[in-house]
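Asks: If you read the protein sequences in the order shown, they are chains C and L. Here the numbering used here is used: the first residue of the first sequence is 1, the next is one more, and so on. Here the numbering used here is used: the first residue of the second sequence is 145, the next is one more, and so on.
In short, the hints are calculated from the structure, not lab data. Mixed in with the good hints, there may be bad ones.
[Claimed, not checked] Think about it this way: if two alpha-carbon atoms lie no more than 27 Å apart in a straight line, the pair counts; the simulated BS3-like pairs of lysine-lysine are:
| no. | chain 1 | residue 1 | chain 2 | residue 2 |
| --- | --- | --- | --- | --- |
| 1 | C | Lys-107 | L | Lys-223 |
| 2 | L | Lys-180 | C | Lys-72 |
| 3 | C | Lys-62 | L | Lys-229 |
| 4 | C | Lys-72 | L | Lys-185 |
| 5 | C | Lys-92 | L | Lys-189 |
| 6 | C | Lys-107 | C | Lys-72 |
| 7 | L | Lys-189 | C | Lys-107 |
| 8 | L | Lys-189 | C | Lys-34 |
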Amino acid sequence: MSASFEQEIQEYQLESTLDSVDLADQNALDLARKFGFGEDDQNSISMAVRECMVNAVAHGNKYNARKKVYLKLEAMPGTLAVTIGDEGDGFKDTDVPDPLAQENLLKQSGRGLLLMRAFMDECEHAARVPQGTLVRMVKRLGEV
Amino acid sequence: MSVTMTNRQVGDVTVIDAAGRITLGEGSSAFRDTIKDLVTKGDKKVLLNLSEVSYIDSSGIGELVSGFTTVSNAGGRLKLLGLTKRVQDLLQITKLYTVFEVFDDEAAGLASFS
Numbered sequence: 001m002s003a004s005f006e007q008e009i010q011e012y013q014l015e016s017t018l019d020s021v022d023l024a025d026q027n028a029l030d031l032a033r034k035f036g037f038g039e040d041d042q043n044s045i046s047m048a049v050r051e052c053m054v055n056a057v058a059h060g061n062k063y064n065a066r067k068k069v070y071l072k073l074e075a076m077p078g079t080l081a082v083t084i085g086d087e088g089d090g091f092k093d094t095d096v097p098d099p100l101a102q103e104n105l106l107k108q109s110g111r112g113l114l115l116m117r118a119f120m121d122e123c124e125h126a127a128r129v130p131q132g133t134l135v136r137m138v139k140r141l142g143e144v
Numbered sequence: 145m146s147v148t149m150t151n152r153q154v155g156d157v158t159v160i161d162a163a164g165r166i167t168l169g170e171g172s173s174a175f176r177d178t179i180k181d182l183v184t185k186g187d188k189k190v191l192l193n194l195s196e197v198s199y200i201d202s203s204g205i206g207e208l209v210s211g212f213t214t215v216s217n218a219g220g221r222l223k224l225l226g227l228t229k230r231v232q233d234l235l236q237i238t239k240l241y242t243v244f245e246v247f248d249d250e251a252a253g254l255a256s257f258s
């Protein structure tokens with residue numbers, strides 16, 4: 001962990017458990033508060049971090065105790081970036097049915113990525129070397 | 145805190161007062177079990193009061209949809225009451241406001257079943 005007046009970076013290796021979802025959420029919220037994000041932004045960050053962590057723990061690592069979840073939080077004035085990586089099989093956008101399509105509205109799952117994109121200003125994912133998925137999300141102060 | 149579900153009967157409508165968080169794990173399974181029990185008993189008019197639900201994640205949304213489908217398939221209707229701003233936003237983002245009937249007022253929600 002490194003900190004200065006203008007920037008703070010935290011990195012974690014987390015277990016593939018739902019407790020890790022809570023831990024990531026809490027640490028992201030603490031950092032968001034420290035850097036001046038208001039309640040609405042905090043709610044958005046919380047939602048996106050939880051969705052991304054659940055994807056990593058449940059869908060990526062499939063709760064495998066030998067697989068870890070990587071979490072990096074980077075804060076600077078006006079910006080919070082969250083990077084979450086898993087050690088799963090990876091996925092492509094085309095693997096995920098459009099949850100807003102009429103025929104998918106009543107499906108039970110498949111909305112996590114939609115919510116992450118809706119609640120953050122940036123959300124990108126890429127294959128992780130040697131295995132898994134890396135998601136980077138950014139929230140800026142004062143943007144929707 | 146997970147979710148607590150309390151049922152009460154108002155005429156022939158079952159009102160479920162939910163409180164807490166409906167998220168992956170205990171919260172979503174508690175909701176699923178409650179709906180299954182109602183359908184098994186033959187309750188077909190269900191008004192789900194979410195005014196005390198502080199947080200729903202995508203798994204919780206999935207359970208709402210599943211509950212809606214379960215009740216509908218049994219010939220009944222599940223409607224929502226008292227959405228917080230956060231839950232309203234979620235229904236907007238996911239377009240589920242086109243699926244659920246939503247009421248701010250319990251009396252109006254109850255009357256809609258008759």
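Asks: If a hint holds in the structure, say so; if it does not, say that too.
Replies: Hint check results:
no., hint, result
1, C:Lys-107 x L:Lys-223, "holds, 18 Å"
2, L:Lys-180 x C:Lys-72, "violated, 40 Å"
3, C:Lys-62 x L:Lys-229, "violated, 32 Å"
4, C:Lys-72 x L:Lys-185, "violated, 49 Å"
5, C:Lys-92 x L:Lys-189, "violated, 41 Å"
6, C:Lys-107 x C:Lys-72, "violated, 32 Å"
7, L:Lys-189 x C:Lys-107, "holds, 22 Å"
8, L:Lys-189 x C:Lys-34, "violated, 47 Å"
Checked against the numbered hints listed earlier, the structure breaks hints 2, 3, 4, 5, 6, 8; every other hint is satisfied.
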